[in-house]
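J.: Start from chain C and add chain F according to the hints.
Residue numbers (the numbering used here), protein chains in the order written: chain C, 1 to 321; chain F, 322 to 642.
Because the hints were derived from the structure by calculation, they are not lab data.
Possibly wrong hints are sitting among the right ones.
Said to hold, decoys possible - Incomplete in silico selection of chain C near chain F, CB under 8 Å:
1. F160
2. G162
3. F164
4. P298
5. T302
Stated by the list, open to error - Some, not all, of what chain F presents toward chain C, calculated at C-beta under 10 Å:
6. A470
7. I488
8. M539
9. K550
10. L553
11. I556
12. V574
Here a beta-carbon is modelled for each residue, glycine too, at the ideal position from N, C-alpha and C.
2 protein chains.
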Amino acid sequence: MKTEVALGIDIGGTNTAFGFIDQEGNYLAEGNIATNNHEDIRDYLKELHMAIENTLDTIRDHAVLVGIGIGAPSANHLQGTIDHAVNLRWEGVIPFCDMMQEYYPGIPVVIDNDANAATIGEMVYGGAKGMKDFIMITLGTGVGSGFVANGQMIYGHDGFAGEFGHIIVSPNGRQCGCGRCGCLETYVSATGVKRSAYKMMAKYNYPSELRNIPFNEMTSKTICDAALKGDLIAINTFKYTAKMLGEALANIVAITSPEAIFLMGGLAKAGDLLFKPTKEHMEMNMLKMFSNKVKLLPSQLTKNVAIYGAAALVWAELKRL
Amino acid sequence: MKTEVALGIDIGGTNTAFGFIDQEGNYLAEGNIATNNHEDIRDYLKELHMAIENTLDTIRDHAVLVGIGIGAPSANHLQGTIDHAVNLRWEGVIPFCDMMQEYYPGIPVVIDNDANAATIGEMVYGGAKGMKDFIMITLGTGVGSGFVANGQMIYGHDGFAGEFGHIIVSPNGRQCGCGRCGCLETYVSATGVKRSAYKMMAKYNYPSELRNIPFNEMTSKTICDAALKGDLIAINTFKYTAKMLGEALANIVAITSPEAIFLMGGLAKAGDLLFKPTKEHMEMNMLKMFSNKVKLLPSQLTKNVAIYGAAALVWAELKRL
Numbered sequence: 001m002k003t004e005v006a007l008g009i010d011i012g013g014t015n016t017a018f019g020f021i022d023q024e025g026n027y028l029a030e031g032n033i034a035t036n037n038h039e040d041i042r043d044y045l046k047e048l049h050m051a052i053e054n055t056l057d058t059i060r061d062h063a064v065l066v067g068i069g070i071g072a073p074s075a076n077h078l079q080g081t082i083d084h085a086v087n088l089r090w091e092g093v094i095p096f097c098d099m100m101q102e103y104y105p106g107i108p109v110v111i112d113n114d115a116n117a118a119t120i121g122e123m124v125y126g127g128a129k130g131m132k133d134f135i136m137i138t139l140g141t142g143v144g145s146g147f148v149a150n151g152q153m154i155y156g157h158d159g160f161a162g163e164f165g166h167i168i169v170s171p172n173g174r175q176c177g178c179g180r181c182g183c184l185e186t187y188v189s190a191t192g193v194k195r196s197a198y199k200m201m202a203k204y205n206y207p208s209e210l211r212n213i214p215f216n217e218m219t220s221k222t223i224c225d226a227a228l229k230g231d232l233i234a235i236n237t238f239k240y241t242a243k244m245l246g247e248a249l250a251n252i253v254a255i256t257s258p259e260a261i262f263l264m265g266g267l268a269k270a271g272d273l274l275f276k277p278t279k280e281h282m283e284m285n286m287l288k289m290f291s292n293k294v295k296l297l298p299s300q301l302t303k304n305v306a307i308y309g310a311a312a313l314v315w316a317e318l319k320r321l
Numbered sequence: 322m323k324t325e326v327a328l329g330i331d332i333g334g335t336n337t338a339f340g341f342i343d344q345e346g347n348y349l350a351e352g353n354i355a356t357n358n359h360e361d362i363r364d365y366l367k368e369l370h371m372a373i374e375n376t377l378d379t380i381r382d383h384a385v386l387v388g389i390g391i392g393a394p395s396a397n398h399l400q401g402t403i404d405h406a407v408n409l410r411w412e413g414v415i416p417f418c419d420m421m422q423e424y425y426p427g428i429p430v431v432i433d434n435d436a437n438a439a440t441i442g443e444m445v446y447g448g449a450k451g452m453k454d455f456i457m458i459t460l461g462t463g464v465g466s467g468f469v470a471n472g473q474m475i476y477g478h479d480g481f482a483g484e485f486g487h488i489i490v491s492p493n494g495r496q497c498g499c500g501r502c503g504c505l506e507t508y509v510s511a512t513g514v515k516r517s518a519y520k521m522m523a524k525y526n527y528p529s530e531l532r533n534i535p536f537n538e539m540t541s542k543t544i545c546d547a548a549l550k551g552d553l554i555a556i557n558t559f560k561y562t563a564k565m566l567g568e569a570l571a572n573i574v575a576i577t578s579p580e581a582i583f584l585m586g587g588l589a590k591a592g593d594l595l596f597k598p599t600k601e602h603m604e605m606n607m608l609k610m611f612s613n614k615v616k617l618l619p620s621q622l623t624k625n626v627a628i629y630g631a632a633a634l635v636w637a638e639l640k641r642l
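Next comes chain C alone, as it looks inside the complex:
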């Protein structure tokens, strides 16, 4: 009998990567094309279809495709569309699922944004396997999130739920890209951490190697490395980041009472430097009934995360969780 596989497609601004993955997480074959070679989305899909078929040919004797999952920026799962994606060449609202479906009639074609795909990826292939209630938080350039309750993704009425990065944690606080002030994202994203390092340099007199690096050259990794070497500015930066994140986590625990919260993305790589004080602040600010009940864990997905996430959408759609 042939192995059932899902096709996971990760559409990035530059590159579109895809892989065929079975339900156990075995990665059978992969391929990729450039995302922005074609002005017309139909030409892009033609090339993508060809690349997919060529790769599928290499495993067709022992694998059968049961569904296609797509992870894309500005994707609307409920509508099956990509809406006004800033980093892609195609303007307006693209009915991506419908267009893809024409090439693959008879199997499910589903799309979702990166954070939701990562969340479902964690549920199908990662540390949230078997969990019915958990939260995934991606700490990257921005802060994304996915909430799962009763074993189902919370999409909300319009498909846009899970904007944890844009809860306001400090009224009149830091200016956010969304046009408001004080969003969590301005504190606990990679850029937020950088802003906090500057706040600490303004506040304290500690000597620090960070004082030699201009804002535009600093990254969260620079700060992480400095903290690991004992740099007091960097250490205080992580303490502050953990305080802001821990407090916000304590608040959302009161709403959805998850079994676990997973952290993913660049900043999550800081490991204990972030996890330990974040857990402390989370516990410190939590309603007693939730004390020591909620696990704070690193994502278990580490390689080809976006493709795994996209493929996982298929198994979720087929209700095989």
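T.: Below, chain F alone, put in the same frame as chain C:
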């Protein structure tokens, strides 16, 4: 054919009231007993069973009982228990559903806390009929809440989700009964409003009839009545309450993206005095993608709310929503 009815039981500290309600919301018969007459829960259940049967006798020729729903303080829906209820005479963890089931084998017996029962009541009988994603907030002595996503109540991992009243909105803010500081409940509950009236009296010099009322005699209704008469202390109290509530609502919209938020309970009776400025602050603080999408509505349940809520649990259990 006989009409299918659910039995809704509302267990209060003093009184246990019940009613038989069909799926359309018709209230067929009712009864009640004292809650705390019996030291032994088994004697209480014996009396309750007798009262239920007597009432059922009056409609038995045209109605058939299909399930029992119970609303009770400190109820755990997932376990079917009442856990350490402060206002009830029975100590410890009471396996209430199991004990009730012995009297009524073969039909579903479900229990939930008051806020969750009110939420499901709104979904089955009230303004949330047909909605898959909404939030119910009860503004009483405390602040309760129920979150519905994908047409299902969010219970969370342990059954304790929906503690919206205990998100911390002001670090190091007002002392809360939960042992922490700055919980939303300390600002937007009936008692919270009273505290805010005192804050306003401390802040402003406006003459106010509220200045003649001692703290222990003041109620949110006193303040509401004063505001309607143009009392500036009372008006500012409601403005402040609406600001705190509106900001918190904007934040949870970003998490679950509901179609509507319902307000219920004593404070919600203030009508436009509360709803109008709350909606303004909610919109003002909301992420743009949610602007003018989320309805803020008064609960449509007005009479026998707790019994309707309890009965609604049955239809939810039978998946007839």
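J.: Hint by hint, say whether it matches the structure.
T.: Here's how the hints hold up against the structure:
Evaluation of the C:F160 hint against chain F yields a held restraint, the C-beta minimum of about 5 Å falling below 8 Å. With 8 Å as the threshold, the beta carbon of C:G162 comes within range of chain F, its nearest partner Cβ sitting at about 7 Å, so the hint holds. Taken as an interface hint, C:F164 checks out: its beta carbon lies about 6 Å from the nearest beta carbon of chain F, inside 8 Å. This hint is violated: C:P298 has a C-beta 19 Å from the nearest C-beta of chain F, more than the 8 Å allowed.
At a threshold of 8 Å, the smallest CB-CB gap from C:T302 to chain F is about 25 Å, leaving the interface hint violated. Because the closest C-beta pair between F:A470 and chain C is about 4 Å apart, less than 10 Å, the hint holds. A least Cβ separation of about 4 Å between F:I488 and chain C falls short of the 10 Å threshold, and the interface hint therefore holds. At a threshold of 10 Å, the smallest CB-CB gap from F:M539 to chain C is about 27 Å, leaving the interface hint violated.
The closest approach between the C-beta of F:K550 and any C-beta of chain C is roughly 31 Å, which is over the 10 Å cut-off, so the hint fails. This hint is violated: F:L553 has a C-beta 24 Å from the nearest C-beta of chain C, more than the 10 Å allowed. Against a cut-off of 10 Å between C-beta atoms, the interface hint on F:I556 is violated, since the closest Cβ of chain C lies about 22 Å away. Annotation: F:V574 was flagged as interfacial toward chain C, and the flag holds, the nearest CB pair being 9 Å apart, inside 10 Å.
Hint check: violations occur at hints 4, 5, 8, 9, 10 and 11; the rest are consistent with the structure.
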